[in-house]
Amino acid sequence: MSTAAILIAVVSFVLAALLALLTIPVLVWLERRIASLIQDRLGPNRTNIFGFRLGGVVQSFADVVKLLLKEEYYPSHIKMGRWLFMLAPVITFSAALLAFMVIPFADTLVIEGEALRLQALPVSFGILWYLAIGAIGVLGVIFGGWLSHNKYALLGAARAGSMVISYELPLGLSVITFVMTYNTLDFNAMVQYQSGTFLGFLPAWGIIVQPLAGIILIISLFAETNRNPFTVAEGESEIVAGYMTEHTAMKFAMYFMGEYVAMNTASAVIITMLFGGYQLPYLSTETLTTHFTTFALAIMIVLPIFLTLFIRWMRKNNSVRKSVSSDGGRAFETKVLTVALITFGLVVEMLLLYLAFFAEEPLANALTIALFQLLVFVVKLMAFNIFFIIIRWTVPRFRYDQVQRLGWHYLLPLSLLNILVTALIIVGVGS
Amino acid sequence: MSAHLFFLLVALLFSIGLVGVISRRNLFVVYMSVELMLSAITLLFATLSQTLNSANASVMSLLTIAIIAAEAALFLAMIIHLYRINRTLDSEQCTSLKQEAL
Amino acid sequence: MLELSLFFILALFTLGGSITMVVSFQPLFSAFGFLIAMLGLAGLFALLNNQFLALAQIMVSVGAVVILSMLTIMTVNAQVQNLPKEPHKFIWLILSSFLVAPITVLIYTQLNTLPATLKGAETITAKVIGNALFTDWVFPFEIVSILLLTAMVGAIVIGRKHLLDTKACS
Amino acid sequence: MLSIIVILPFISALFLGILYLSNPTKKRYKLYTLIGSGVPTVIAFISFGLFFKLFNGAPSLHEDLFNWIAIGDFEIPVAFTLDRLSSIMLVFISGIGALIHIYATGYMRDEEGYGKFFSYFNFFMGAMFLLILANNPIMMFIGWELVGLASYLLIGFYHQDHDNITAANKAFILNRVGDFGFIMGIALLFISLEGTAFTFDAIALNIHNIDLQTLTWIGILLFIGAMGKSAQIPLYVWLPDAMAGPTPVSALIHAATMVTAGVYMVARYSFLYVEIPQVGLFIAYIGAFSALFAAIIATYQSDIKKILAYSTMSQLGYMFIAVGLGAYSSGVFHVFTHAFFKALLFMGAGAVIIALHHEQNIFKMGGLKKQLPLVYVTMFVATLAISGIAPFAGFFSKDAILASAFASEHYLIWGIGSFTAFLTAFYMFRLLFTVFIAPASSENKLHSLPKSMTWPLVVLAIGSATAGFLGRNEAYGGENWMGHFLALPDMVIHLSHKSEYLLGGLNMLLGLSGMFLAYKMFAIKSEAPQERHFFNRLVINKFYVDTLYTRIFVQPLLLLSHLIANVIDPKLFDGIITTLSQGYLLVGRQFSRLQSGKVRLYAIQILVGISLMSYYMLFKLGVLG
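Residue numbers (our numbering), protein chains in the order written: chain A, 1 to 431; chain B, 1 to 102; chain C, 1 to 170; chain D, 1 to 625.
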């Protein structure tokens, strides 16, 4: 293994871990803020460090600190298996985290003739890995729920388990449809496929090529991650907090974070399989490499406009009325952020200018493109996470039996039918 | 590294499964012991696919895994059924094979 | 050397998990032991360059079998008072181990007569298995599909409540 | 062609049977008639065609179908042979059979189970053809058994009446006695032949390899079979009872065809019986006594069909005299002529019975000459034929037999035969005069007879009148065409024409005197026989043979069964077995404790065994020292 390979491996691992872990507070914040906005209130926005509030994101870090410092408490009726009781959330969390590790966030880099995948786990059977590891997560839920010795927890765990069993089938079947369409198990190759065009002009995104399977996949993943409208494992009005009822402090936090990581992973899988992954439509890696100058110029034009708009928006919103005596450092935060953003923009502009017109460095170009793809990936990921959140706060929950009926009566036959049709088309086109 | 270690592991896993089947009365443990024995066979096939360098043994493993799944479905349905009748998970309570005294 | 140590770690997991499974009083801990054993087994498959089998093992044994058995445990709500009292469990275990020991030795000695050189030239991916499965092994594959279908139908029939009228046990 | 003759009736029987069973109550008169009587008619024409093939000089026809049994060298082929003997049989059986089928369409018209009747009837035809066309004893035996089965089914056709069932059972069981002898004979024959081919031709070639004593036994055993089938003393008692069946059945099976199977069989084995004349003599004596015995009983019977049944038995006795003395072609000739007039007699009797609404007692009939002229004329012809009045058929055949008996210097047989001829004329004319001429005891409104019942009578009457000319001796201006055609190993008769005329004249005289006596006694006024004196009572009760059989065979057997059922079986055998089983039960109870019902313990039991085996194998492998 060359130095570059090791370096890339380490970098991708760190990047993946950061993507998975750092998005948790952001997602928590987003969830709370969007919920608040939908419910016509503001949400958390006061917590700050030296006046830095970052729109309230800091609140999440405060929550983490709170949960970490809380007393490790076991309900007294839990006599045996406390170790497993504690281990259960860890299982859920680590399964979700592990599942994220196969998502590619940029195209394969070719350094010195060696193809290096920008995946934390550079495997060529990503979707299988996701299906395999994703199934383990629910075991933590079941163990935790059973060991709580509590009816609510037991019911929640049982519901979660049966949800996974029933939605694993349409999920797996729709995944098989995509595997048949893309003819690969590799996420990276799937993204490559989607960078082409479908019917000549449409981007060959999974959601366009296989709309039915795409919708089934999205619904199944919603159910798998226990997000609304499929929140059956917990429910304040029925079974309190479900399987988490007896879990406190960091044990609870593990479940909580596991849920967000799972959601994140689900979003990543959805955008990788259905929405072109790290690619923009019509702009495949080859296109970008061959037309690098144009690409750099475009970014050089778009970036200042976007930064200007963002700074103006921030300055407008991050101010207080004159009558308030202390602004709590808002003016200072705004100032610092403005300067930082402008500096960032300038640096980027300079770099791009250099790369586009003065340097003839393919590796640097490739790295730039990879960074750009990473950016695209993150934006898509966050956009889909926001979609998840909006769905949660706008759609009412299904009843448990309705959920099961949807899974078994509609999604399963539909996905089977879809497989049949897909196979017929593939065989027909192939011959 | 040779396959002898794998063979030893296969033998041990199989034997543990066998011990579980005959010495435990809990139906769940019996069930999982049976599954363990089958899994040991799966491992044996996987090892052979390496020593013989052929995918056929892997296919056998895969089919064994499928059989494990089928067995799971039936065994668990039977456990539920027996539990509904007996209100216990004790395999010793299932004595309908015993002939009534003449 | 790395492989050997990996093997020992995984074997330790597998054996430890299976022994936990056999020894535990609560079916839940047995299931946990089984889970560990299956994960270790999946790791061993991966060590044998058999990536597809490893993932299939996780998907089926963990994703389906363990979860299903957990669900069954929850369905029957096997509380302590419903579990069989096994006062002489360890005596049974030790006695049956003595019974099984010669079988183990026999199996091991007989397995050692098989070819034991790990060639490891080829990674057995899904493609390889798929090719083998749909060319030489189509018939067994279909048979296994029918077996699975039959098992499913059988499970549904057994699981239905009206069967309660027919006393299967005592 | 031969296989078609055999198979076609079976197929139509099967078809009719299925058709009948599909809806037993439905009247499908036309369909049943078409198939049931059409198939025998077609076969009759085929048979005539085949017969003319042989008539024109073909030696014999063979048809091999397949090998039925092949064990090593032993092979039983399913094959058919039509030689001269069987062609004669085939012709008259299919011809008369077809006529009787047509007759039966009229006779059975209003019966329940019309389709079933024709199914059975066709089945019988097939079985009979199988019997006569078989080229080996095994196939012949199958045909033999199948005609027995058909006979059983048809005797018990009116199964609503318990007596008819008894009669059917009686026929069946007595036939079993005969068949036992028959199959023993076949088996002995087979063993003695030591594995040479088992067809009639091959047996005829190899018959000299068997020593005389064995051959004698084979002959006797085979004849026992013939006794059963052809109702000879002592296995005759079923035949009168067999009249319980419908009259066409009696005409076809119990007069014309099946009962002559015994004669045919002996003729078929003529190569064998030629070697053992002493057995032949035994047969002849049996035949003579049967003839006399039956004739005596017939003189005192009052049931029209029973009289004819005894007469059949008596005529069969004649045939056995012939084949027993070695005059095989005379015997077959009498079979041939007898088929005509006996079938005619039965059919006429059936017509009378139908006309009188199922009245069978002749003393309740009378004066039917006016009302049934056609039946009267045809039956008169038949009676003349059976009584041996020249030039009707019976005269020539009976004369040939009696001449043979006389020529072979067995005067006792000849005497009995001649006396029987007188009795025959007497009781036959007694029947005829009582039914047709004697004044009617009561006026009956007659049931009309359909055409299909009358014109077969005419055909057969012509046959009865003329069939005898086929076998005329040189003495009567013929050349014994029948005997030459059959080419059987006949005895050679050295009789001058003068003595033949003398014998023929004597027969005529006896017949005419019998006729005269009957006219005197019964034509003016007829009355039923009364039990006046000892002999009278003896004959009316048929010499108490049935009672004797009951006393000798049935009652001791019942007694023995009773003894076994009530004493030996429960005390001796059951006692031993019960003791043993109690012992097993005791032991089993102890062992059944192992069966705890706990699967785990079973598994442990198995595992202990496997474990011990593993120890042993490890020792063998050298792992453990």
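Bear in mind the hints are in silico, worked out from the structure with no lab data behind them.
One or more hints might be untrue.
Stated by the list, open to error - Restricting the straight-line Cα-Cα distance to at most 20 Å, the calculated cross-link-like pairs of lysine to aspartate or glutamate (EDC-like) are: (1) D:K26 <-> D:E145; (2) C:K89 <-> B:E71; (3) C:K89 <-> B:E92; (4) C:K85 <-> B:E71; (5) D:K498 <-> B:D90; (6) C:K127 <-> B:E92; (7) D:K445 <-> B:E92; (8) C:K161 <-> A:D401; (9) C:K89 <-> C:E3; (10) D:K598 <-> C:E3.
Self-check item: Given pair status - E92 (chain B), K89 (chain C), alpha carbons within 20 Å
Solution: holds, 13 Å
Self-check item: Pair hint K498 (chain D) and D90 (chain B), alpha-carbon separation not exceeding 20 Å
Solution: Roughly 111 Å between the alpha carbons, so the hint for K498 (chain D) and D90 (chain B) is violated.
Quiz item: Quick one, are K127 (chain C) and E92 (chain B) close enough, alpha carbons at most 20 Å?
Solution: violated, 47 Å
Exercise. Would you mind confirming whether the straight-line C-alpha gap from K85 (chain C) to E71 (chain B) stays at or under 20 Å?
Key: With a Cα-Cα distance of about 26 Å, the restraint between K85 (chain C) and E71 (chain B) is violated, given a limit of 20 Å.
Quiz item: Within 20 Å, alpha carbon to alpha carbon, are K89 (chain C) and E71 (chain B)?
Solution: Measuring from Cα to Cα gives roughly 26 Å; hence the hint is violated.
Self-check item: K89 (chain C) paired with E3 (chain C) [C-alpha distance capped at 20 Å]
Solution: Violated, because 37 Å separates the two Cα atoms, which is more than 20 Å.
Quiz item: Do the alpha carbons of K445 (chain D) and E92 (chain B) lie within 20 Å of each other, as the hint requires?
Solution: violated, 88 Å
Quiz item: If you draw a straight line from the CA of K598 (chain D) to the CA of E3 (chain C), is it 20 Å or shorter?
Solution: violated, 45 Å
Quiz item: Holds or violated: K161 (chain C) with D401 (chain A), Cα cutoff 20 Å?
Solution: Measuring from Cα to Cα gives roughly 19 Å; hence the hint holds.
Practice problem: Mind checking the alpha carbons of K26 (chain D) and E145 (chain D) for me, to see if they're no more than 20 Å apart? | Solution: With a Cα-Cα distance of about 31 Å, the restraint between K26 (chain D) and E145 (chain D) is violated, given a limit of 20 Å.
Checked against the numbered hints listed earlier, the structure breaks hints 1, 2, 4, 5, 6, 7, 9, 10; every other hint is satisfied.
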